[in-house]
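Trainee: Please construct the entire structure, taking both the sequences and the accompanying hints into account.
What follows is each chain in one-letter form.
There are 2 protein chains.
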Amino acid sequence: VNYREQGVTVTQTTPHQPDAAEQQAREQALTDEVVASFATSTSDRYRELMTSLVRHLHGFARDVRLTHAEWESAIDFLTRTGQKCDERRQEFILLSDVLGLSMLTVGINAPASEGATESTVFGPFFVDDAPEIPQGGDLAHGAKGTPCWVSGQVRSSDGTPLAGVRVDAWEADEDGLYDTQYEGNRTAGRGWQTTGPRGEYRFWSVQPVHYPVPDDGPVSEMLAAAGRRPMRPAHLHFKVTAPGHRTLITHVFVAGDEYLDRDAVFGVKQSLIAEFTEHTGGTAPDGTTRDGRWAQVEFDLVLQILKG
Amino acid sequence: VNYREQGVTVTQTTPHQPDAAEQQAREQALTDEVVASFATSTSDRYRELMTSLVRHLHGFARDVRLTHAEWESAIDFLTRTGQKCDERRQEFILLSDVLGLSMLTVGINAPASEGATESTVFGPFFVDDAPEIPQGGDLAHGAKGTPCWVSGQVRSSDGTPLAGVRVDAWEADEDGLYDTQYEGNRTAGRGWQTTGPRGEYRFWSVQPVHYPVPDDGPVSEMLAAAGRRPMRPAHLHFKVTAPGHRTLITHVFVAGDEYLDRDAVFGVKQSLIAEFTEHTGGTAPDGTTRDGRWAQVEFDLVLQILKG
Chain A
80 VNYREQGVTV
90 TQTTPHQPDA
100 AEQQAREQAL
110 TDEVVASFAT
120 STSDRYRELM
130 TSLVRHLHGF
140 ARDVRLTHAE
150 WESAIDFLTR
160 TGQKCDERRQ
170 EFILLSDVLG
180 LSMLTVGINA
190 PASEGATEST
200 VFGPFFVDDA
210 PEIPQGGDLA
220 HGAKGTPCWV
230 SGQVRSSDGT
240 PLAGVRVDAW
250 EADEDGLYDT
260 QYEGNRTAGR
270 GWQTTGPRGE
280 YRFWSVQPVH
290 YPVPDDGPVS
300 EMLAAAGRRP
310 MRPAHLHFKV
320 TAPGHRTLIT
330 HVFVAGDEYL
340 DRDAVFGVKQ
350 SLIAEFTEHT
360 GGTAPDGTTR
370 DGRWAQVEFD
380 LVLQILKG
Chain B
80 VNYREQGVTV
90 TQTTPHQPDA
100 AEQQAREQAL
110 TDEVVASFAT
120 STSDRYRELM
130 TSLVRHLHGF
140 ARDVRLTHAE
150 WESAIDFLTR
160 TGQKCDERRQ
170 EFILLSDVLG
180 LSMLTVGINA
190 PASEGATEST
200 VFGPFFVDDA
210 PEIPQGGDLA
220 HGAKGTPCWV
230 SGQVRSSDGT
240 PLAGVRVDAW
250 EADEDGLYDT
260 QYEGNRTAGR
270 GWQTTGPRGE
280 YRFWSVQPVH
290 YPVPDDGPVS
300 EMLAAAGRRP
310 MRPAHLHFKV
320 TAPGHRTLIT
330 HVFVAGDEYL
340 DRDAVFGVKQ
350 SLIAEFTEHT
360 GGTAPDGTTR
370 DGRWAQVEFD
380 LVLQILKG
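One line per chain: the protein sequences are A and B, in this order. Using the numbering used here, the letters of the first sequence correspond one by one to residues 80 to 387. Using the numbering used here, the letters of the second sequence correspond one by one to residues 80 to 387.
Honestly, the hints are just simulated from the structure, not real lab data. Just so it is clear, CB atoms sit at the ideal spot from N, CA and C, and this is done for glycine as well. Take the hints with a grain of salt, since some may be wrong.
Said to hold, decoys possible - 20 Å max Cα-Cα, derived DMTMM-like pairs, lysine to aspartate or glutamate: (1) A:K318 x A:D370; (2) A:K348 x B:E112; (3) A:K348 x B:E106; (4) B:K318 x A:D111; (5) A:K348 x B:D336; (6) B:K386 x B:E112; (7) A:K348 x B:E101; (8) A:K348 x A:E337; (9) B:K223 x B:E357; (10) B:K348 x A:E101; (11) A:K386 x B:E193; (12) A:K318 x A:D207; (13) B:K318 x B:D379; (14) B:K223 x B:E262; (15) A:K386 x A:D237; (16) A:K318 x A:E166; (17) A:K348 x A:E377; (18) B:K348 x A:D237; (19) A:K318 x A:D379; (20) B:K348 x A:D111; (21) B:K348 x B:D365; (22) B:K348 x A:E106; (23) B:K318 x B:E377; (24) A:K318 x A:E377; (25) B:K348 x B:E337; (26) A:K223 x A:E166; (27) B:K318 x B:E151; (28) B:K223 x B:E253; (29) B:K386 x A:D98; (30) B:K318 x A:E149; (31) B:K348 x B:E377; (32) B:K223 x B:D254; (33) A:K318 x B:E262.
To be verified - Quick look at which bits of chain A chain B covers, simulated, 3 or more residues with Cβ under 8 Å: (34) 149-158; (35) 244-255.
As the list claims (entries may be wrong) - Stretch-level coverage of chain A by chain B, calculated; a stretch enters the list once three of its residues show a Cβ under 8 Å from a Cβ in chain B: (36) 106-114; (37) 187-193; (38) 302-312; (39) 371-378.
Mentor: Right, here's the structure in full:
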């Protein structure tokens, strides 16, 4: 249709560009069609999840007017992120972490509750088959760093000590690398132990240091493009599981670390920061005589009682 | 703090559950913190993209109250989707397709414009190193199916025939499989040719059939959970590139196909549906004598002139 020949004054439209309202209606109709395709979902929850996902995903593409090149770049980014994953590396968890989705999911599912230790990100470095470490044993297992005595009590949010409960711990070495980041399937700086009769746990490991997230994957490219520091403040991971309680996934952070206010994965909470006391020589809490430098932290882990 | 002991009447809050407003504020603060972390982006566009992505991604998780198990399931799904990709399989494009994101991106970037052929999804089966097929040559190259003569004219949206322009075409065989879905790196049912002096293209291939998207990957699990049919209506893919014109990525769909109104990837447009005429024996348009059944379609490809 040639509007000019028909004597129509063309104001908001030209033959090569449908007007904005028409374009908007066409895009909305597509979103509605995709949402409708999930009406037959095998569960109400799946339909709810996918409907919201489609609306937000389409909303994003429409809001930013996603270009074909950007779409291609996103396909490539996600593909490489999946292909970077293996049994000892989880780049999609790292992506979720740096986008704050992990902390948001933590906050939705483990809202702060009085008396219980706060949760933080799980991170990409947990592995299932860590070794058992006896009370007072050596979790470092060759991980380099200043020896650090880690101890505390696991108890219920009602104050009861939790005996016989599994505490998993894992951390990077003094070079900022987890065991899984080395060649050769070594296990170091990770393990689990069972709490004693008063809910106590205690082991030797190494003093945590701040470190960059892995710099050899798509996520590090994203941080670079964002001009973001890839650093995580020094921390030790915990996972504590006890019957009748919400599983606690958290860290203890080292007080004074320069990256506490700019954690690449948004994981820091004030209540999770503890003093790591430094010593030289002398007698350690387990009665051993120490030669050089060593550190010490005490951190209690309080689990929230599950209702019902 | 025990409010009851202090004589405070607890109405909207209990020690174990912060009130909704407090929880909402905490979640919003996290989203704001993540958005702020992209303020240092190396380009304004990157900041715009990531800010919108974070807001929509977080909006999704908040709206559905994403559980930890669902988050884990999403991480696993995305990981497996990436790991299903290789040089001949692109599961993330397929995911984008079934979520309607591909068609939305097409619609944003190649809005319908009068005179030009409409665009549709690129799909996961294009490969870069397809063979050149001479005018009138055989693109099927062993792909099973009813022989089909495919021809038409490539022209500019101003009507000028486009000579010497590259036309790529690819399609599934009569079993609904692309060459890349077979073992052994075969090439069949794909190729490209250069248009003749009047913009003409013509080749033998096979009659397209409807087919299911690949059923051995995460995307097929999603379709099953959604109770969606995995079918695509019969079609042949085209990609046409010409200087000064927007690259055209489209299909020709077979009129009468039973899945035209429920394409798993939302790719059908009325203007892309054409009659595939069926014949038995006789003389084909290229002058050859045919023995059994064969089909024929004529489909012109009109490229939009780029402005500026």
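Trainee: Each hint needs a verdict: does it hold in this structure or not?
Mentor: Going down the list of hints, with the structure as the test:
1. A:K318 x A:D370: violated, 31 Å
2. A:K348 x B:E112: holds, 13 Å
3. A:K348 x B:E106: holds, 14 Å
4. B:K318 x A:D111: violated, 28 Å
5. A:K348 x B:D336: Violated, at about 58 Å.
6. B:K386 x B:E112: Distance of about 41 Å is beyond 20 Å: violated.
7. A:K348 x B:E101: holds, 16 Å
8. A:K348 x A:E337: Roughly 15 Å between the alpha carbons, so the hint for A:K348 and A:E337 holds.
9. B:K223 x B:E357: Distance ~17 Å between B:K223 and B:E357 Cα, so the pair holds.
10. B:K348 x A:E101: Holds: B:K348 and A:E101 sit about 16 Å apart, inside 20 Å.
11. A:K386 x B:E193: violated, 62 Å
12. A:K318 x A:D207: holds, 12 Å
13. B:K318 x B:D379: Cα-Cα ~13 Å, so holds.
14. B:K223 x B:E262: Distance ~15 Å between B:K223 and B:E262 Cα, so the pair holds.
15. A:K386 x A:D237: OK: A:K386 and A:D237 at ~13 Å, within 20 Å.
16. A:K318 x A:E166: holds, 19 Å
17. A:K348 x A:E377: Status holds; Cα separation ~17 Å.
18. B:K348 x A:D237: violated, 63 Å
19. A:K318 x A:D379: Holds. A:K318 to A:D379 sits at ~13 Å (cutoff 20 Å).
20. B:K348 x A:D111: Answer holds: B:K348 to A:D111 is near 16 Å, not above 20 Å.
21. B:K348 x B:D365: It is violated: about 30 Å lies between the C-alpha atoms, which goes past 20 Å.
22. B:K348 x A:E106: holds, 14 Å
23. B:K318 x B:E377: Holds, at roughly 16 Å.
24. A:K318 x A:E377: Answer holds: A:K318 to A:E377 is near 16 Å, not above 20 Å.
25. B:K348 x B:E337: holds, 15 Å
26. A:K223 x A:E166: Judged against 20 Å, a Cα distance of about 23 Å means the pair is violated.
27. B:K318 x B:E151: violated, 38 Å
28. B:K223 x B:E253: holds, 6 Å
29. B:K386 x A:D98: holds, 17 Å
30. B:K318 x A:E149: Holds: B:K318 and A:E149 sit about 19 Å apart, inside 20 Å.
31. B:K348 x B:E377: holds, 17 Å
32. B:K223 x B:D254: holds, 8 Å
33. A:K318 x B:E262: violated, 45 Å
34. 149-158: holds (count 5)
35. 244-255: violated (count 0)
36. 106-114: holds (count 5)
37. 187-193: holds (count 6)
38. 302-312: holds (count 5)
39. 371-378: violated (count 0)
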